[in-house]
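K.L.:
So the chains spell out like this:
Protein chains: 2
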Amino acid sequence: MVEYGDHEMLTPDQIIDLSQPLYHNCPSITFHSPPEIRLLQNAAENGWTLEEIKMTTHQGTHMDAPYHLDGYTQTIDQIPIDQMIGRGVFVDLRDHPAGSPIKIRDLESYSSQIIPGSIVLLVTGWGRKRFWTSEWLFNSVWLASDASEWLAQRQVRGVGIDHVSIGGMGTENEETHRKLLKSGIWIIEDMYYPDSVFEHKEWFIFAFPLPLQGTSGSPCRVIAISNFVN
Amino acid sequence: MVEYGDHEMLTPDQIIDLSQPLYHNCPSITFHSPPEIRLLQNAAENGWTLEEIKMTTHQGTHMDAPYHLDGYTQTIDQIPIDQMIGRGVFVDLRDHPAGSPIKIRDLESYSSQIIPGSIVLLVTGWGRKRFWTSEWLFNSVWLASDASEWLAQRQVRGVGIDHVSIGGMGTENEETHRKLLKSGIWIIEDMYYPDSVFEHKEWFIFAFPLPLQGTSGSPCRVIAISNFVN
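Residue numbers (numbering that gives the first Met the number 0), protein chains in the order written: chain A, 0 to 229; chain B, 0 to 229.
Treat the hints as calculated values from the structure; they're not laboratory data.
So, partial list: chain B residues that the calculated Cβ filter (under 10 Å) puts toward chain A:
{"id": "1", "residue": "9"}
{"id": "2", "residue": "22"}
{"id": "3", "residue": "36"}
{"id": "4", "residue": "39"}
{"id": "5", "residue": "49"}
{"id": "6", "residue": "51"}
{"id": "7", "residue": "66"}
{"id": "8", "residue": "76"}
{"id": "9", "residue": "83"}
{"id": "10", "residue": "191"}
{"id": "11", "residue": "210"}
{"id": "12", "residue": "217"}
{"id": "13", "residue": "218"}
FRET-style restraints, in silico, Cβ to Cβ:
{"id": "14", "chain 1": "B", "residue 1": "94", "chain 2": "A", "residue 2": "145", "range": "51 to 61 Å"}
{"id": "15", "chain 1": "B", "residue 1": "137", "chain 2": "A", "residue 2": "46", "range": "13 to 23 Å"}
{"id": "16", "chain 1": "A", "residue 1": "44", "chain 2": "B", "residue 2": "41", "range": "34 to 44 Å"}
{"id": "17", "chain 1": "A", "residue 1": "11", "chain 2": "B", "residue 2": "181", "range": "18 to 28 Å"}
{"id": "18", "chain 1": "A", "residue 1": "115", "chain 2": "B", "residue 2": "28", "range": "38 to 48 Å"}
{"id": "19", "chain 1": "B", "residue 1": "153", "chain 2": "A", "residue 2": "102", "range": "48 to 58 Å"}
{"id": "20", "chain 1": "B", "residue 1": "43", "chain 2": "A", "residue 2": "174", "range": "12 to 22 Å"}
{"id": "21", "chain 1": "A", "residue 1": "93", "chain 2": "B", "residue 2": "96", "range": "56 to 66 Å"}
Ideal Cβ positions, reconstructed from N, Cα and C, are used throughout, including at glycine.
Construct all of the structure, not just a fragment, from the sequences and the given hints.
P.N.:
Given below as structure tokens:
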């Protein structure tokens with residue numbers, strides 16, 4: 000096990016970024032304008048370069064708080080920071096058929112790792128298809144609501160997926176969200192998983208939203224650090 | 000030493016937030032409009048609550064990349080993620096007189112800890128004065144450019160301060176930034192330090208900006224985790 004004190008020794012294969020790049024007009028759900036990044040001033044003319052960001056709280060790699068859905072009031076700043084760190088369980092769903100739901104049977108072989116306090120990361124491979132296409136928007140792999148309830152019962156800390164909507168674009172989406180959010184389990188959507196997540200046995204996940212006050216979610220940076228138990 | 004595997008055991012006194020709350024009209028430098036948070040839709044009427052964020056890349060607790068200044072091209076997404084983690088050195092400057100610069104002599108007693116790879120956190124106490132006041136904006140404690148150069152020579156990984164401008168509001172500000180940024184050392188401004196940062200001997204800092212592409216900075220969440228070496 001690597002101790003915190005050995006952080007100076009972290010090599011690129013011990014720390015990986017699980018976040019999608021955030022840029023002007025990057026793909027996102029069509030209901031709202033995509034993120035806008037505007038150059039406000041440049042250093043050549045003004046001494047300092049500075050940009051403006053305009054986006055929603057649910058674009059790019061982002062965390063949903065329970066307040067995203069009617070009936071729940073916990074906002075993003077009310078999620079305790081110790082809940083943003085946990086042991087990661089990467090579920091390999093890269094061969095899952097397009098457009099089909101992730102069911103309980105797809106998760107069961109990870110039962111020994113999906114335990115209270117763990118962070119479950121659904122690796123569908125759809126993070127590589129992140130373009131303005133009908134395929135990416137409307138035909139992704141998604142999490143069925145009964146599988147969502149199964150995860151909630153196991154008291155996981157959070158659930159992440161490499162697509163912008165964990166419940167897809169159909170009518171079941173709200174229920175898939177509800178099963179997790181009602182239990183105070185955060186959701187991160189629009190993650191990106193390099194194949195290297197499968198190279199080590201143990202990864203710890205650090206998922207930090209912005210310290211936004213009173214909002215239903217936030218763009219989020221997600222990092223995994225391996226402790227080399229292999 | 001606590002190992003990564005013991006993360007489930009993190010208690011509130013082992014993990015602390017070093018970020019200022021980010022909210023509509025929160026105090027920031029006057030040159031640009033303050034952050035705006037707008038409710039786009041609410042769950043009661045629309046099923047889902049969702050907000051819009053409009054802010055610059057240098058408001059709230061935020062990280063400066065070298066590209067912030069003329070002459071340097073490293074953008075926020077080009078800072079390697081392993082550079083965002085390091086051993087924290089909290090420099091106690093809470094008794095430093097208002098309006099006066101932090102000089103090399105104020106840092107020298109921390110020489111044994113300010114070493115290559117460390118993250119230096121200047122604790123001025125001005126994070127508690129974060130209001131729209133002329134005191135906060137124009138009369139803060141700030142880092143002199145020769146002290147900035149001293150830190151750069153020691154090859155620290157990054158420097159943070161609990162005020163919105165590390166070099167204050169005078170003419171020396173640019174040079175204070177330049178001494179660090181020219182060496183590829185990031186700066187985090189507008190941090191918040193609870194007094195508990197002084198309760199343990201060793202803290203590790205996790206400073207995660209958003210994965211913005213090509214920008215000069217980013218809002219940033221900064222967390223400290225103690226390994227209880229005490």
